[in-house]
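Read off the chains here:
Protein chains: 4
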Amino acid sequence: MTDTTSEQTERKLLDELYADFEDAGLIPLWTQVDGLMPMSPQPTAVPHLWRWAELLPIAQRSGELVPVGRGGERRAMALSNPGFPGLPYATPTLWTAIQYLGPREVAPSHRHSQGAFRFVVEGEGVWTNVDGDAVAMRRGDLLLTPSWAFHEHQNVTDQPMAWLDGLDIPLVSKLDAGFFEFGPDELSTRETPERSRGERLWGHPGLRPIGRPDQPNSPLNAYRWEHTDAALTAQLELEQEGVPGVLEPGHAGVRFSNPTTGRDALVTMRTEMRRLRAGTRTAPVRTVGSAIWQVFEGEAVAHVGDKVFEIAKGDLFVVPSWCEVSLSARTQVDLFRFSDEPVYEALGLARTSRGELK
Amino acid sequence: MTDTTSEQTERKLLDELYADFEDAGLIPLWTQVDGLMPMSPQPTAVPHLWRWAELLPIAQRSGELVPVGRGGERRAMALSNPGFPGLPYATPTLWTAIQYLGPREVAPSHRHSQGAFRFVVEGEGVWTNVDGDAVAMRRGDLLLTPSWAFHEHQNVTDQPMAWLDGLDIPLVSKLDAGFFEFGPDELSTRETPERSRGERLWGHPGLRPIGRPDQPNSPLNAYRWEHTDAALTAQLELEQEGVPGVLEPGHAGVRFSNPTTGRDALVTMRTEMRRLRAGTRTAPVRTVGSAIWQVFEGEAVAHVGDKVFEIAKGDLFVVPSWCEVSLSARTQVDLFRFSDEPVYEALGLARTSRGELK
Amino acid sequence: MTDTTSEQTERKLLDELYADFEDAGLIPLWTQVDGLMPMSPQPTAVPHLWRWAELLPIAQRSGELVPVGRGGERRAMALSNPGFPGLPYATPTLWTAIQYLGPREVAPSHRHSQGAFRFVVEGEGVWTNVDGDAVAMRRGDLLLTPSWAFHEHQNVTDQPMAWLDGLDIPLVSKLDAGFFEFGPDELSTRETPERSRGERLWGHPGLRPIGRPDQPNSPLNAYRWEHTDAALTAQLELEQEGVPGVLEPGHAGVRFSNPTTGRDALVTMRTEMRRLRAGTRTAPVRTVGSAIWQVFEGEAVAHVGDKVFEIAKGDLFVVPSWCEVSLSARTQVDLFRFSDEPVYEALGLARTSRGELK
Amino acid sequence: MTDTTSEQTERKLLDELYADFEDAGLIPLWTQVDGLMPMSPQPTAVPHLWRWAELLPIAQRSGELVPVGRGGERRAMALSNPGFPGLPYATPTLWTAIQYLGPREVAPSHRHSQGAFRFVVEGEGVWTNVDGDAVAMRRGDLLLTPSWAFHEHQNVTDQPMAWLDGLDIPLVSKLDAGFFEFGPDELSTRETPERSRGERLWGHPGLRPIGRPDQPNSPLNAYRWEHTDAALTAQLELEQEGVPGVLEPGHAGVRFSNPTTGRDALVTMRTEMRRLRAGTRTAPVRTVGSAIWQVFEGEAVAHVGDKVFEIAKGDLFVVPSWCEVSLSARTQVDLFRFSDEPVYEALGLARTSRGELK
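Protein chains in written order, with full-length UniProt numbering: chain H, 1 to 358; chain A, 1 to 358; chain G, 1 to 358; chain Y, 1 to 358.
Read the hints as simulated data drawn from the structure, not as lab findings. It cannot be assumed that every hint is accurate.
All copies of an identical chain are treated as equivalent in the list; a pair is satisfied when it fits inside any one copy or across any two copies.
To be verified - The calculated lysine-lysine pairs, modelled on DSBU-like cross-linking and capped at a C-alpha distance of 35 Å, are:
1. K313 / K12
2. K174 / K313
3. K307 / K174
All figures in this text were calculated on a predicted structure; none of them were measured in a lab.
Work out the full structure: start from the sequences and follow the hints.
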């Protein structure tokens, strides 16, 4: 089979056209459309599991070998999703890291556009100073350092401490929206109060200090485990009394919220705690947007897409966008979860699909 | 001086015109404008004081002589502002009453468009069932029974109990917006739990049960004194540490809020608790809208317009619209305050003027 | 039948109790509850009709006999609902008046908390200056003078002009929320532009001047008949093409809205124009809140509660709260309608019930 | 200088640690922080200019050589920012393309999560059917095809037509939020009405069809040049009358808005039209987020970062995040501008800095 002259001519014209596209800084849609606009989300991130039992020793060795300070500012080790080789991104929008502070160590002050929180899976003894307000960090607590708040950490004990950092770094990076500023070299405060000022002003259920305006991020900078635990316990007890409260049978959940608006504690990240009764299986759910879960206590099996993860205390796993997730609790299990869902809700891009319990 | 003919003619024509106005169902603005559109609010309500020491014995005598039940539904005695003779209105928008329930008595179930709350200045032993959820009433607590929620009261003790009722009855009446429905004759529940379901689900600082939607009125149906007291204490302590928190020097205040929105606990009424350090004088304030204050504990002097009230535990006073109010605390004093300010804010009619401390 | 001693004693005690109630400034609920909290709204206002053919001659006679000026400020004749004898209120919340300005007359500048609009059923030649912006008034136009905007009127022709004024005077009066201020004696402007500045900046469909903030009341101060007519015409045409658009078969309707928020043009009042195809009967509707309708063109029968009104051009009728209303169009008929519904929506008191078409 | 043993040991331990990081799926922050969290946005996108005089001939040649149809679905040629070699992205969030439809051609129906608009710099004769509503495309018009609306194009003339497409493809792709669906092969309608149903229902200034709910994207699917031009003309005229209206001296601007909310016409993209009087120089502005400008008519010089672009009709240029832009108008010049600013405002990441006029 040989080309006709007209076919040859057309091929030549097309070749010239594509060359001219390139010269003109143009790319034709018809050579691109599949990956660009898929029929449903085709995330580059993959479901993945990081085991606490592996992470913690590495964090400890870093504590011995790598100083914290004005270089990298933080001894934080980011979870790198295998879908993003070489990039410190857990998902396309979320940064997650183990941060480690040795005995008596200090991480100096800075602030940035990126919003951040800390979640403590074990340990205590570090205070995070947020705009000069010293916030104790203890097991089960969620601590906020919202966008553009100065923050620094100090370990006041002779024991090291490790915790989970969550930030919207990849999102802010993709959006070219990040500003960063170093704070003073000296700690803003050496106080180690039981309760922060934020908690003292805002940590009373349903009560607002008169005269304080609404804020986009929560002015309550610490959510204590004692309250989270009580709320989850109550939901499961109410379920047994036949009163609505849980998300689904055997599955309690609370969302950390901004008391000035009732919305998410942080503008760009949803933070939640879940508790499953032993034996509970959750219905499979797909959501647009990505999430990271960490086991706080207990044991379970997580089905994430086509992966099956046996998970226990401290273990972390990623659920990419539109990837089905369901959990089976071997024991009673508590899980911390955070996600980028507020971003999708704000932009009209949220979708959720709930499957049948299998 | 005598009228000319033309003056007589004109007068005659005017008389005919005014007669025709009346026949046509018209009223000319030029005969009306002063009272109708004053230069600033000229409330019919007046500043007034009701002493707890007088109210309580009358309530007790009512308890002995008047049964509670399907007639008036409630043994409630309304504060009648002297500006509204014969009308059970404390202000143009707010109803306030002492409600009294004898030992083992029950007030039957009903619901209505009017929003309501209870504030307990002393005593305990009554449970208010709100849509079947039993809510304990104790000293210092604020309890909500929002618009269209079924509610009933039962006294489970051998002691009578009196408390303060606040409702938007006059507002809803003026707006012709009220619906009312009787509930079942039998109590919905005889339970007397320490904490209501509303508290168990919603009474955790900054935590929301996942999956529960926003509501116009607060789903947290009880605000306990223990939390209110702690919040006020913290504000005054923070003030002494040099940290912002109080409304003005020596003057702490919390607003009861809806955890799903951060707004007022009830759509039409603002509810607050204030604490003044002994010796504090508050700056004079005028606000559009009316307020009622009740002393919870301590002694003070209230300047309200041109009145001066010596006030002590349980005493109630009314501040009409745009009437200047300031307080001087003889001892540390706690005051419950409620007002109709959310109405004015929603309608673009809010104004506040703060005077100099005298 | 004689009283026993105990009955006499009890009666005496009750008499003493009620006397003491009065002395203490208390009124018992159980003597009050019926009128205070009815099973459904029992408005004092009644359905009522005012005929344009009667109103206009009276307005004209007023123009000859009563000067306009610094006394009553406006030659406005208010519709007085027979339910409120002697009061210039059309409904519990709404003031409605015919305002009349003679040839070359001027009504001086003032401003007030009360929101206002003008609707022109016939005539032209008056300009309303709103904060110095001259707004032409012509047949079919809706003109706004929002809360606290200075406004004044001038008739630049040799013909008198009458129009409809709508204000929230009774609402603001009941709420003790009104402030009033006289403006300069001299007119702010003598300009008579075809289009006001408000229209030139804001009167382009879907377009906002960049940099102008949201406002609670609409910055578009004139809604011209040409646009209203076109919108109603389009809805009825679309209906005939089988495309949704009308409120119900044969019944088109537009709401005057605030382009900065999409909400009602005024915070406290809803303003709408309706058009019924000849022969259309609207389904009966009850709404909490009151409304006033004026026929702009055409003839219809209005059923309002148990009243039946034959209505034609300029006629005005009142629909009290929760009173059923339905219309039958004898010819194609256009009606201007305004109501206080935004108040009820803001306060969580809105309810509507749609009946079957009879 | 030779390494001591301890230095050698430490180096070895560090090497092992970094190897173990990699094995564990971890990346240390201290090796990453510069690019990850810059002091201010360091966009990968660069300022760039595409000349209409170059783009249009290439589009025409594509029209002759490449069929439109079920393959790529659209004959669209995307602007590829030199900062993203090989990627069809104008900025990190925005896709911009020239779309070209030959005489009598049809582009088949589909829908997708990505929001889209069309802006017409010249030509006419194509109708875009949006959910079955036929929308004419003419010079100066902005046409919307919001997220998840079916849309298709047909050219009803014997002339080709080219226009500008704007979509949030890169944003939705980065967020893994895209769904896509093919529509029927047959056109939903062959109608070619002068005005779309969307315009007939929603294209009246300040008027809303009663009963239509708020929508996140504008239901007005076409913004006609006639209105845009009139609004810009009015702003410049008002400026000359001394009345506020323009953005800055000689610089008028309108934003295309959603009449149900007053917000941007599309949830994720801001669309605006600007007009500069001849000789006007705009003050330099930096904004977080990226923008694309297209000259509609006239000539100007654009300073974008360190680039200087001489621009004329149809020319397109990109302003990356936080890159300073200012314009000098050689003639009166009209520019269409679109950006991703609503994304940053929704996420609390917006910042703007206005410089002095140089």
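Quick rundown of the hints versus the structure:
1. Taking the shortest Cα distances, K313 and K12 sit within 35 Å of each other only across copies (31 Å), while inside one copy they are farther apart (63 Å).
2. Taking the shortest alpha-carbon separations for K174 and K313, both the intra-copy value of 32 Å and the inter-copy value of 31 Å come in at or below 35 Å.
3. Taking the closest pair of Cα atoms, K307 and K174 come within 35 Å of each other both inside a single copy (28 Å) and across two copies (23 Å).
The earlier numbered hints are all upheld by this structure, with none contradicted.
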